[in-house]
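**Q** Each chain is listed here by its residues.
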Amino acid sequence: MIRRPIPSWLIYVLGVTGVVVVLAIYAGLSIRQTRINPDQNIFPGLQAFGEGLGEITKVRGGESNPKPSWLSVDLQATYWRLFLGLSAGVVLSVIVGISMGSYTFVEALLNPIITFFAKIPPTAMLAVYMVVFGIHLKMYVAMIAFGVFFTMAQSIYQAVKKDVASDHIDKAYTLGASEFEVIVEVIWKQVLPRVLENLRLQIGPAMVFLIAAEWSFAGEGMGYTIKQQSKLQNMHVVYIYLAVLGFSGLFFDWLLVQTRRRLCPWFGE
Amino acid sequence: MNDQIADGELAVEVKGLSHWFGDQRVLNDVNLKITAGQIVALVGPSGCGKSTLLKAILGTHPPREGQVIVGGKVIDVPSRNVGIVYQHYSLFDFLTAQSNVAFGLKLDSTSWPFRTFALPKWLQLRKQHLIQSQDYLKRVGLEGSAKKYPTELSGGMRQRVAIAQSMILKPKLLLLDEPFGALDEATRESLQMMLLGFYQENLLAKSEGRTPEYTILIVTHELNEAIYVANRVIGLSRFHDQAERGAMLVYDRPCPVFRPNDPQDREKLVAQRDELRKAVFDPAYVKHYGKYVSFWGEVAAQEAAVAGIR
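From first to last, the protein sequence lines stand for chains A and B.
For the first sequence, my numbering gives the first residue as 1, with consecutive numbering after it.
For the second sequence, my numbering gives the first residue as 1, with consecutive numbering after it.
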């Protein structure tokens, strides 16, 4: 039956089963491929992964001049770009989304523009960002920021319209709130869980834009290394990088869920 | 009428209020005075302009003509002088019951820069606000639910919190917009008792020379409820001799005062309900709009009678 609840132990068992099945399929493919070609690197085995992990975490340079490992450099580059881009995008979209939902004048002015730009895939705008900002940090930040901004501003604008009833606003005024306080104390607090939910949803697309841009233009970063290593068919390195991306995505997701639970306990699950 | 509150400080005055939307005239020359401590019920047929009148008094939709004066000030925007409780509670989801009640104290007595840049002082003040709000929760019988969020409360509990939230600021007038419409019978009854209790507190305050704390205008569809909880009923209707100019106050009379848990005098209720139904809700009964507007006349007659006895 649709949505029939199942016991919690079964939820865990099914979750673990899914992971085990994927690993088993991979192991099967790896064994089969190795039988055909013992030097294959399409589905590397455990030993190859060990070597790959050693390679990407190895400190480079001599003892006198040690340099960070590939993974460390790439993680730092990629997530710094992601952090700056998302921060700029979220701040901008919160300001614009709340303003559009609160003031009819701003809504009338910005709604057509935002709806138009939200329809253009951010990766298609890559050329524009490259020409305007060059191929340095600014370009990645601008691409992520604008990539998430239009969609997120629309979502926040809708959340203000739907989640904040006029009665709540009038009520706040009758309790002595100023216009600024209505925005900060009522509207912002009411839409905060929606902002956090949107941020969760936007991390995936932001990573897509970033990896694509790094693939094309970067000299370091996850996207750059994945491109270089896949050219060399070093799949034992590529898969580890993909796993790192997956796990870090899960971590950020978990972090945002915890933040939402802490800041908005009233919102429920 | 011995226990009516008719004299005293004028809480609200509606002067010559008219409103229209395009060609459609909604309200025409509505005049109303409410003194501190009165609990007034407003009734009227659907679409007669009750909400428009309420919004004008609240300040969200100022009238095209006329004025609403509360505490000596003309109302054209919502302010802390007029509180409101809506049918669907309008509590802030992100605040606990206690914080919801304390919200008005926070907004009314402090500013955002104060709360941000004088944090230690604000936190100290906050403690007092929470104590005060707990006291108000106790008054509405919810002291045990202070830490619960609105989603964890029943409809009746939410409405009690909403009433405490509005009352804590001691507004000159509290508007209750069909406050019990979404509640079950038992909860509705207990909240009616609460209103009757407020009126008794008003009488006590008056007898001790204090300004009564609760001045309430309650909009309701239930005629029995209107007569039962209020000490004065007003009726808004367009069924009168100047119908084309919009709805007017066609009924304004005192009604029997009940004490909480007193047995209801059904006869008094029924007689006035029938009169109200005829005067306000009967489209076939065309009369002069002032025929049943006699509250202040009755007050004056009573005062004259009392003076004569002395």
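For the record, the hints were derived by calculation from the structure and aren't laboratory data.
Here the structure is a predicted model, which is why all the values come from computation and not from measurement.
The C-beta atom is built at its ideal place from N, Cα and C for all residues, glycine as well.
Where hints are given, some of them may not hold.
Below, computed lysine-lysine pairings styled on DSSO-like, alpha-carbon distance capped at 27 Å [said to hold, decoys possible]:
| no. | chain 1 | residue 1 | chain 2 | residue 2 |
| --- | --- | --- | --- | --- |
| 1 | A | Lys162 | A | Lys189 |
| 2 | B | Lys206 | B | Lys33 |
| 3 | B | Lys138 | B | Lys170 |
| 4 | A | Lys189 | B | Lys15 |
| 5 | B | Lys268 | B | Lys278 |
| 6 | B | Lys33 | B | Lys15 |
| 7 | B | Lys268 | B | Lys291 |
| 8 | B | Lys15 | A | Lys161 |
| 9 | B | Lys73 | B | Lys206 |
| 10 | A | Lys189 | B | Lys55 |
| 11 | B | Lys147 | A | Lys189 |
| 12 | B | Lys55 | B | Lys170 |
| 13 | A | Lys227 | A | Lys58 |
| 14 | A | Lys189 | B | Lys33 |
| 15 | B | Lys148 | A | Lys162 |
| 16 | B | Lys55 | B | Lys33 |
| 17 | B | Lys138 | B | Lys33 |
| 18 | A | Lys189 | B | Lys170 |
| 19 | B | Lys55 | A | Lys162 |
| 20 | A | Lys189 | B | Lys127 |
| 21 | B | Lys127 | B | Lys138 |
Just a sample of chain A residues kept apart from chain B, beta carbon distances all over 12 Å, derived [to be verified]:
| no. | residue |
| --- | --- |
| 22 | Arg4 |
| 23 | Ile6 |
| 24 | Tyr26 |
| 25 | Ser30 |
| 26 | Phe105 |
| 27 | Met125 |
| 28 | Ile135 |
| 29 | Lys171 |
| 30 | Trp188 |
| 31 | Val191 |
| 32 | Leu245 |
| 33 | Gly246 |
**Q** Hint by hint, say whether it matches the structure.
**A** Each hint, compared with the structure:
1. Between the alpha carbons of A/Lys162 and A/Lys189 the distance comes to roughly 14 Å, so the proposed pair stays at or under 27 Å and holds.
2. Restraint check for B/Lys206 and B/Lys33: the C-alpha separation of about 18 Å stays at or below 27 Å, so the hint holds.
3. A threshold of 27 Å between alpha carbons decides the hint, and for B/Lys138 with B/Lys170 the separation of about 16 Å falls inside it, so the pair holds.
4. Restraint check for A/Lys189 and B/Lys15: not satisfied, since their Cα atoms lie roughly 39 Å apart, outside the 27 Å limit.
5. Taken as a hint, the B/Lys268 and B/Lys278 pair is honoured in the structure, with Cα atoms around 16 Å apart against an allowance of 27 Å.
6. Of the supplied pair hints, the one linking B/Lys33 and B/Lys15 holds, its CA atoms being roughly 8 Å apart against a limit of 27 Å.
7. For the hint linking B/Lys268 to B/Lys291, the alpha-carbon distance of about 20 Å falls within 27 Å, and the restraint holds.
8. For the given pair, B/Lys15 sits about 35 Å from A/Lys161 by alpha-carbon distance, which is inconsistent with the 27 Å threshold.
9. Proposed proximity of B/Lys73 and B/Lys206 is supported: the alpha carbons are some 24 Å apart, at most 27 Å.
10. This hinted pair checks out: A/Lys189 and B/Lys55 have alpha carbons roughly 26 Å apart, not beyond 27 Å.
11. Annotation: proposed proximity of B/Lys147 to A/Lys189 holds, straight-line Cα distance about 18 Å (limit 27 Å).
12. Proposed proximity of B/Lys55 and B/Lys170 is supported: the alpha carbons are some 19 Å apart, at most 27 Å.
13. A distance of roughly 20 Å separates the Cα atoms of A/Lys227 and A/Lys58; the hinted pair therefore holds under the 27 Å criterion.
14. Distance restraint check for A/Lys189 and B/Lys33: the Cα-Cα separation of roughly 39 Å exceeds the 27 Å cut-off, and the hinted pair is therefore not satisfied.
15. Restraint check for B/Lys148 and A/Lys162: the C-alpha separation of about 24 Å stays at or below 27 Å, so the hint holds.
16. A threshold of 27 Å between alpha carbons decides the hint, and for B/Lys55 with B/Lys33 the separation of about 17 Å falls inside it, so the pair holds.
17. Only pairs whose Cα atoms come within 27 Å are accepted, and B/Lys138 paired with B/Lys33 is rejected, the gap being roughly 32 Å.
18. For a cut-off of 27 Å, the pair hint linking A/Lys189 to B/Lys170 stands: about 26 Å separates their Cα positions.
19. The suggested pairing of B/Lys55 with A/Lys162 holds, with an alpha-carbon distance near 21 Å, which does not exceed 27 Å.
20. Annotation: proposed proximity of A/Lys189 to B/Lys127 holds, straight-line Cα distance about 21 Å (limit 27 Å).
21. The hinted pair formed by B/Lys127 and B/Lys138 meets the criterion: a straight-line CA distance of about 17 Å does not exceed 27 Å.
22. Every C-beta of chain B lies more than 12 Å from that of A/Arg4, the closest at about 25 Å, which supports listing it as non-interface.
23. Look at A/Ile6: its CB is around 25 Å from the nearest CB on chain B, clear of 12 Å, so calling it non-interface holds up.
24. Every beta carbon of chain B lies more than 12 Å from that of A/Tyr26, the smallest distance being close to 44 Å; the non-interface claim holds.
25. Annotated as non-interface, A/Ser30 keeps its C-beta farther than 12 Å from every C-beta of chain B; the closest such distance is 50 Å.
26. Every beta carbon of chain B lies more than 12 Å from that of A/Phe105, the smallest distance being close to 18 Å; the non-interface claim holds.
27. At roughly 36 Å from the closest C-beta of chain B, the C-beta of A/Met125 stays outside 12 Å, upholding its exclusion from the interface.
28. Every C-beta of chain B lies more than 12 Å from that of A/Ile135, the closest at about 41 Å, which supports listing it as non-interface.
29. The Cβ of A/Lys171 does not lie farther than 12 Å from every Cβ of chain B; its closest approach is about 5 Å, which violates its non-interface assignment.
30. Look at A/Trp188: its CB is around 10 Å from the nearest CB on chain B, not clear of 12 Å, so calling it non-interface is violated.
31. Non-interface call for A/Val191 relative to chain B: violated, since the shortest CB-CB distance, roughly 10 Å, does not exceed 12 Å.
32. No Cβ of chain B approaches the Cβ of A/Leu245 within 12 Å, the least distance being about 34 Å, so the stated non-interface status holds.
33. For A/Gly246, the non-interface assignment is confirmed: its Cβ lies about 33 Å from the closest Cβ of chain B, beyond the 12 Å cut-off.
Checked against the numbered hints given earlier, the structure breaks hints 4, 8, 14, 17, 29, 30 and 31 and satisfies all the rest.
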